[in-house]
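Engineer: Each chain, written out:
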Amino acid sequence: MKKSPILLGRNKLFLFLYILLSPLLPQKLVAGKTFYPPQATISGTITDTEGLPLGGVNIVVESKNIGTISNMDGTYSIKAGPNDILFFSIVGFKARNVPIEGKTVINVQMEEDVTQLGEVVLNAGYYTVSEKERTGNIATIKTEVMEKQPVGNPLAAMQGHLSGVNIVQNTGVPGGGFEIEVRGRNFINGVTDPLYIVDGVPFGSQSLGSDDISRSIVYSDISPLNAINPNDIESIEVLKDADATAIYGSRGANGVVLITTKKGKVGKTRFDAHLSTSLGQVTHFMDLMDTHQYLEVRREGVSNDGLDGFLGVPRYDFYWPDITLWGQDRYTDWQKELIGGTAYRNNAQLSISGGSDCTQFLVSGSYLKETTVFPGDANYKRATVHSTISHRSNNDRFSLNLSTSYTYEDNLLPRSDLSIQAYTLAPNAPALFDKDGSLNWENNTWDNPLAGLEEKFGAKTNTILANALISYELLEDLQLRASIGYTDYSLDSYRTLPSSTRNPRFNFTPQNYSNLTTNESKRTSWIVEPQIQWKQDWSRFSMDVLLGTTFQQQATEQLVMRGTGFPNNSLIFNLTAAELVEVRSSTDSEYKYNAVFGRVNLKHMNRYILNLTGRRDGSSRFGPGKQFGNFGAVGLAWVFTEEAIFTDSSVLSFGKIRGSYGTTGSDNIGDYQFLDTYTVTGADYGGIATLSPSGIYNPDFGWEENKKLEAGLELGFFKDRVFVNASWYRNRSSNQLVGVPLAATTGFPELTGNFDATVENSGVELDFRSVNLVSDKLKWSTTFNLTVPKSKLLRYDGLETSTFADSYVIGEPLSIVKLYHSLGVNPETGQYEIEDYNGDGAISSSGDRQWIEDLAPKFYGGLGNTINWGDLTFDIFLQFKKQKAYNPIQDNAVPGYRRNASVDLFYDRWREPGDVKPFQIASSGLIPGASNESLQRRSNAAVSDASFIRIRNISMNYKVPHLVDGLDVNVYLQGQNLLTFTKYKGPDPEQTLNNRLPPLRQLTLGLKVGF
Amino acid sequence: MKMKWTSSFRKTIVAIWALIGFVGCTDFVEADPPQNIMISETVFEDASTVESAMADMYVSMRENGMISGNYGFTTRLAIYSDELDYYGFNTRLLEFYQNQVLSPNAEVLSWWSEAYAVVYSANAIVEGLEESTDLEEDERNRFLGQALFVRGFIHSLLVSVFGDVPYITSTDYAPNNQVSRMPEVLVYDRIISDLERAEELMGMSTIENEERTVPDSFAAKALLARLYLYTEQWELASTEATELIEAFSLEDELGMVFLKGSPETIWQLHHGEFPGNTQEASQLIIPSIPGQSFALTNGLMSAFEDGDGRRSEWVDSIMNAEETITLYFPHKYKAQFDVTESLEHSIQFRLAEQYLIRSESRTHLGDLVGARKDLNVIRNRAGLQDIMADSESGLLEAILTERRVELFTEQGHRWFDLKRTDRATLVLGMLKPYWEDSDTLLPIPEMELEANPNLLPQNQGY
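Taken in order, these protein sequences are the chains called A and B.
Numbering of the first sequence is given in numbering that gives the first Met the number 0, commencing with residue 0 and proceeding in unit increments.
Numbering of the second sequence is given in numbering that gives the first Met the number 0, commencing with residue 0 and proceeding in unit increments.
To be clear, the hints were calculated from the coordinates, so they are not data collected in a lab.
Do not take every clue at face value.
As the list claims (entries may be wrong) - Each pair of labels, with its calculated beta carbon distance range:
(1) V384(A) / D133(B): 27 to 33 Å
(2) T828(A) / A320(B): 39 to 45 Å
(3) Q849(A) / E321(B): 38 to 44 Å
(4) F1010(A) / Q34(B): 23 to 29 Å
(5) P182(B) / Y906(A): 49 to 55 Å
Keep in mind that this is a model prediction, so the values were computed, not measured.
Even for Gly, the Cβ is constructed at its ideal location relative to N, Cα and C.
Put together the whole structure using the sequences plus the hints.
Structural biologist: Next up, the structure:
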């Protein structure tokens, strides 16, 4: 089609004016274009099969897309033409089409639907799609499942529920973050964060925490997602395959998480209050040595090292105060003392919602306060306000959805996690307080762990998320839409180190030591996405076309300052009181992003579905000429049960085969990586500010590429009471953007560039749900999901000579670790022996770390059962995972060190020639290099099975029967992370770093009142 | 129906075109560099930003790596040899104390990588200056000389503890990532030629350097003298030392030698903003017992002759509360972090070393009179009598002892003296149970051998 530029220009101008003016003058401009037949008012009553009135049923005039909702007594009325068809739908019942055929009263009986396949509408981001007709793979979790779990972060509610999505909680400390992997790890650089989109607005999930402040408490991972109150979420969809993610182009490689918040519903104004209280505790204490056992191995170690001659010499007491100075009969259970408390969480939420046919609203506010298991008054507070308003014009052509949420978080914690102290402090370490009640330093022979409680970490965040979705139906089949979003996330955190918390032997004073570090960070972004959608239905064929463009800009700033030297410790929170204020880092960066995207969906007889999606992306993260990339996917589905031969099948009620193939990408590499630059570091040399080299020029890097292939089979049996969804996928990621570690001789630790390497993630996912039993009073349903992932490095040119030679192996996953092979303890010497693979007589890292263990899960999933019995609902959800992980030997393989450890080290240590034991001869640890201890800690002995089955959630809900008309009262008891079955020796098999507070067990009692 | 289809289709096409009209703007996806970042080219357009880039190297050297007070030779090589005892639990330091350093040792890795990071900075400055046309000749020469000096200096530290090391002269990561080690002798040649060029470039420019905190041509001479001594080029060592002895003068008061205005300081690193004095003082002064990390060895204490002023001025002691333990510690730097007034910088080169260098060189050259004279200048300042030794070997022995008590706990002099005179095994073998002959060199960090296998083989004994 050839177009003259003038004509094009005129059309553009016309269109512009049209868009601008049409909302103001809808009737005038469209008058005469469409003719409606004379309208009549249709009314009636809707009942269920037992004849009871049904309120809240959606009634839509099919041809016009206008609708209403039935009242509590089941009555409705709506304007429609005599030849229109009314469409009745409500969750839990089969939808019905009723032709009006000139009638004015239509009473309808709705039949209960045990499954709701056709009803389930999935959010695919730029469009929605019914579960029945989807060509892509979209996993979803709805509010009904989330609200049964007493958690503070939406990711916590997703754990175990979604196939292909592996989520691990990083810490049991409130305000911390999660690791998430959608279908495995695609990229060598380790970034697995999916793209998060909240109500259409991309939400930066990367922490703005600073290591200077929060490294030792939340591991700098202050998750912005904590700002999203799970109770405000209607549903979360995870887009997994190419068909679903390609429309997100360069940011879809690691999957897309779509969060949709709750909206108001038509009906009378409704008030809902929700109150709950949780008690949280550490699930499992390690079995550590008691004082007697500890001192026995300590003395034995000193003696084995030939140092017992020094034991009585005061000059050397410093080495072993636990043996010579501290009480030999003292015993403190440090786990109980330091992490044995109860964390209380109180949550209150009030929401008001309602609306007319045209305008609906919802306002909800919540307040949460959570304490910790540590001693002291540390706590996390969160207040959220969420509001939405939806409006449709009378003629249904114009609609507006506004949604805003504001969250304030205030986290006050000790500046370091006490767990490591709890696991390692000597059991006879001195009392925490002396007789006067002040911190006891026991003549300066130890560092009192409670001193750390006076070292504060504080983080305040403000999060604003706002979105407007405006749409206008230009023609009957043509809709113009614009989504406009804004996010603003600011973090204000600090850490104080007062001199009073340090051992007095250092002679620290407020003037020479006390310091305050602050981090003021901010991330703001806006996005504008104009779109146009055109739908057309013919008798056997329908078509849905979407075209849009994105402009996005994100600015990030971080300012980290440290003030040192205060007149006294009570002024430590005031930076201006500091003697010296230095800027530790001051960074700002800008990210700009621009794209065109589109979708064409073709349907033939509701049987054959073709879905084409594509996107052209430009990102400022790449050098000149490399900024743009193209991505696209094709998805196909064949609903074979629509074919004639299946129509009479009583067993198979639904069957679909689907497949997709396409490309996505990733630009998840940070800003400005292609420039060679100098950075202002904030340091100073005799008054001269310093500039430090901060990047090697590399203009050639471009998008990472991720090709996704998927095939799926969906089957419904017995009127879809049993539903199985099986998928197979294979994702290949290439052109890897890798921070290639460099040899130190280059002056830089790494260089970011594209590498000719391919990582393959494949796997099988199975989702199963069934309604096992339905009767008048009893309903029992089951859900089950299983993921069996496989991953391997397919190709890496020059791996052997590269800096990754030591980390990866072709044909093995990225999640492997290369280890020494421990031959156990030599029965004659009592020392660990390590296999000398290359036979050169020495054990070296490059030659002898040949043992490979894979730390990725072999399979994982969840099993849920829900039983409704009258007004009582009972849920139990099990999560399971088969995996290996580092065990506590990674931290300590030798009995006798000056730190407590697993009691196994006491019982199973080698003591005399002939002993066959897993642990070596005791040693004081004062003579390094004397044993293979450090090799043992990096050997296969340090990795063991960490599979587990966990009762992730049990929930009991009682719906108090009719008290007063219109009053709903629910009382519930929920338990999260209740019981874990595992052989793993560390504190927790989920989070296996072993030096952090593991996720807590939580028991919640709650009350919901609505009227 | 047909009509409608075509009309809406046309509208769609129009709309598509309109949308595309919005897009395709490459300008939109170009982001401005942030405020805290400068593109490298622009750094070298202005003397003040070049000065900032130079300052970054000095800060790096002061804070991390081989000559930093916190992590450097001063403490690490003092416990590795026989100057200090170590009382702490840090495994990395215990490895040093017991001459059992393992190749993954993080201290060694940080020495290696911090050193090459500074070398990169120096090379980037050299390359940047060579491209730049905006600076005046004088400034350009001075900066170029300083960068070359730093490059030579850092390599001299590397070669002194690791033996054969790569000599890096460019910023190009590709060859530097695959580089091989250069034989020690050649490394010394390269250092010396860099230093000679640096001396020449810096000598031509004038510089205000009252506190002597940036290196100038005298710093280059001082390092040359030291390296000529280490490589037994006695004549050259003597010449360089003489030039310095003529230009500088000794501080008469022992108690003032390490103050920042000392006239014998040739080059020192400016202390950090906070604490406003040296890391050396904080590391070495024992606050209380227990609480000690390091204390002077009995061997060193007994090396002081009676009446040696350095024993009283540069050493202090502390007793525990029960008065059962007395420990001695270096007290050359006296201002700890609790002194907020700026008193001391971290001295890298001072004139006393030059007297001892010339004395030793003169001995080897046969000028025993001159040698004795230089030695006695140092002894006299410490309140000691002239030494009477009149044989070459007697004099060399006396110089070695003098170096031990003059330069103790300063940048590992004792260790390097033992090593270069082949006495390490003789002296340390008797004191240290785990001593082995191969301990004269430290291991190349294991991680680096893995990152670049061309660095293999590992030093002997590791």
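Engineer: Take the hints in turn and mark each one as holding or not.
Structural biologist: Results of checking the hints against the structure:
1. V384(A) / D133(B): 27 to 33 Å: Given a distance of about 55 Å, which is not inside 27 to 33 Å, the answer is violated.
2. T828(A) / A320(B): 39 to 45 Å: 42 Å, holds
3. Q849(A) / E321(B): 38 to 44 Å: 54 Å, violated
4. F1010(A) / Q34(B): 23 to 29 Å: At 55 Å between Cβs, range violated.
5. P182(B) / Y906(A): 49 to 55 Å: 54 Å, holds
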